[in-house]
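Colleague: The working numbering puts the last residue of the sequence shown at 496; the count rises by one with no breaks.
Since the hints were made in silico from the structure, they are not lab data.
Just so you know, even glycine gets a beta-carbon here, dropped at the ideal spot from N, CA and C.
There may be inaccurate statements among the hints.
Said to hold, decoys possible - So the derived label-pair ranges between C-beta atoms look like this:
1. D283 with L78: 24 to 32 Å
2. I64 with D262: 21 to 29 Å
3. S336 with P132: 38 to 46 Å
4. S365 with I418: 51 to 59 Å
5. E486 with P367: 48 to 56 Å
6. V438 with Q225: 44 to 52 Å
7. E82 with P370: 43 to 51 Å
8. P85 with A265: 47 to 55 Å
9. G330 with E82: 26 to 34 Å
10. E155 with D482: 15 to 23 Å
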Amino acid sequence: MVAFLWDAGQTAPRLHIRSRTAAGWGSWLSVTTLHDVADAGSVEKSGLAGTDVTWIGRADGVQIRVQGRRPAGLTLVLLYPERRPGDTSVGSSGTGLLEPRARQSAALGAARPRLIGRRAWGADESLRDTDPAYIHTIKQVHVHHTVNSNSYAREDVPALLRGMYAYHTKSLGWSDIGYNFLVDRFGRCWVGRAGGAGRLVRGSHTLGFNAESTGISAIGNYDTQRPSSAMLGAIAAIAAWKVAPFERDPVGSIRVESEGSDKFARGQDVALPVIDGHRDTNDTACPGRYLYEALPEVRRRRQELVAAGTPAPIIVVEEAASVTGEPRVGNTLSASPGRFTPSDVSVTYQWLRAGQPIVGASVQSYPVTPQDVGAVLSCLVTLNRAGLSPVVQTPSATGPTIAAPTLRVIASNNQKGIAKIRVKLAGPPGAPVVPTGVVAVTLGKRTTKFALLDGVVVAKFGGRRRLRAGTYAVGVVYAGDDIFTEATRNTTLRIA
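All chains should be built: construct the whole structure from the sequences, respecting the hints.
Modeller: The following block contains the structure:
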């Protein structure tokens, strides 16, 4: 992910970037100027302007093209939102992760959507430098898009959020991520700005119109691709939940006063849709052509949700399920169901090896076996309660299952001053893989490294220069690989 910064108050340049991957240099991409900004006079106003974040994939080089006058302080920002082991289980199908304050303060009048909380996506709370600010009402929902990747996988989303959060706080100098909520193409709802999802937290997303609104950003670029039906449903669900208590007309307009944007002067009274696109308030293409065209559908769905009335009860997960213990043969892993409400929920467990069920492994703990070597172990944790939809989570161990190898050394000579050291490494009985990598073989004071082939090395010493008679120390050191741990073995060899 890349972005650009420059000193505020200058004309924004036209910026293009292309990246180099294993396939070579890609096409030039236009980098859009960021309009999701803090209001003038806000404590979050940093004196910097910038661009939206652009996803360039796994690149090892970039080229930049600047058109127009180069602004002072122009800086390239490189972000590497690395995927973490737990990202694969965050927001699993049916999961709802609500911060406790959000659950306690949730407004009535429309169903509360399942929200994946900040702790679940890995927000580093030390990046926030001020307490959340609160507003007194919500008149509008402003819809945005993040203008980055459209091809992300489910497990990529937490890393994308961490990248945007780092850019907003560490680069732009904001107190937090700007958006109140974000939605992904799979229809999942994510808590953005801290302060309590059910409270009226002031965002930093729509210049001049943050004082009486909430901001929802769709992850992706919807100038180039149509939003999924699941995404539109997620936007409508959040909008219904947040705005219904104030009895706003979901398909109508409302009068609001601008605090000053690049489209409406400070103090100007403006009639705007209750659910609008960012372009309605600022000089920007956001939320993209296709998402903007879909806003009438969002308003219709939101109206249906509000008309439905009382929220349907759901199982709310406040702390995600997890797997603890080192995945090593001989150890025992344990699955925790996390925290949830209501408390009288039944929990079932099914352990998985490389995503496939393990026969007979349906209790909370699991003893790691040789058959697991090299595979990632996970646990299907299902929460059930009569009358409610089940919640399914699949937390994983920290990495592939490891094991200590067995190391055998056979040293021999052919009575002609030539020594042969045969080394064989294997996993524990039943392991489906063999050790790989390099072994160092020492005979006396001579050490040579050899690559394993099917777990075997045959080292020879004394070819051209025959070994003198005597007793030699033989040492073998295996440094290990991603699956097998290191091992050593010492013996002696008599040369006659």
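Colleague: Hint says 24 to 32 Å; check whether the CB-CB distance for D283 and L78 agrees.
Modeller: Roughly 28 Å apart at Cβ, these two residues keep to the hinted range, so it holds.
Colleague: Confirm or reject the claim that G330 and E82 have a C-beta distance inside 26 to 34 Å.
Modeller: Holds - the Cβ-Cβ distance for G330 and E82, about 30 Å, lies within 26 to 34 Å.
Colleague: State, for the Cβ atoms of E82 and P370, whether the hinted interval 43 to 51 Å holds or is violated.
Modeller: 31 Å, violated
Colleague: Tell me if the beta carbons of E155 and D482 are separated by a distance inside 15 to 23 Å.
Modeller: Taking Cβ atoms as reference, E155 and D482 lie about 20 Å apart, which means the hint holds.
Colleague: I want to verify a distance hint. Is the separation of the beta carbons of E486 and P367 within 48 to 56 Å?
Modeller: 24 Å, violated
Colleague: Okay, V438 versus Q225 on CB: inside 44 to 52 Å?
Modeller: Hint holds: Cβ distance 47 Å, inside 44 to 52 Å.
Colleague: Measuring from beta carbon to beta carbon, are S365 and I418 in 51 to 59 Å?
Modeller: 53 Å, holds
Colleague: Is the distance from the Cβ of P85 to the Cβ of A265 consistent with 47 to 55 Å?
Modeller: 50 Å, holds
Colleague: Verify the CB-CB distance for S336 and P132 against the hinted window 38 to 46 Å.
Modeller: Since S336 and P132 have Cβ atoms about 29 Å apart, the given range 38 to 46 Å is violated.
Colleague: Determine whether the Cβ-Cβ distance between I64 and D262 falls within the hinted range of 21 to 29 Å.
Modeller: 25 Å, holds
In summary, the numbered hints that this structure violates are 3, 5 and 7.
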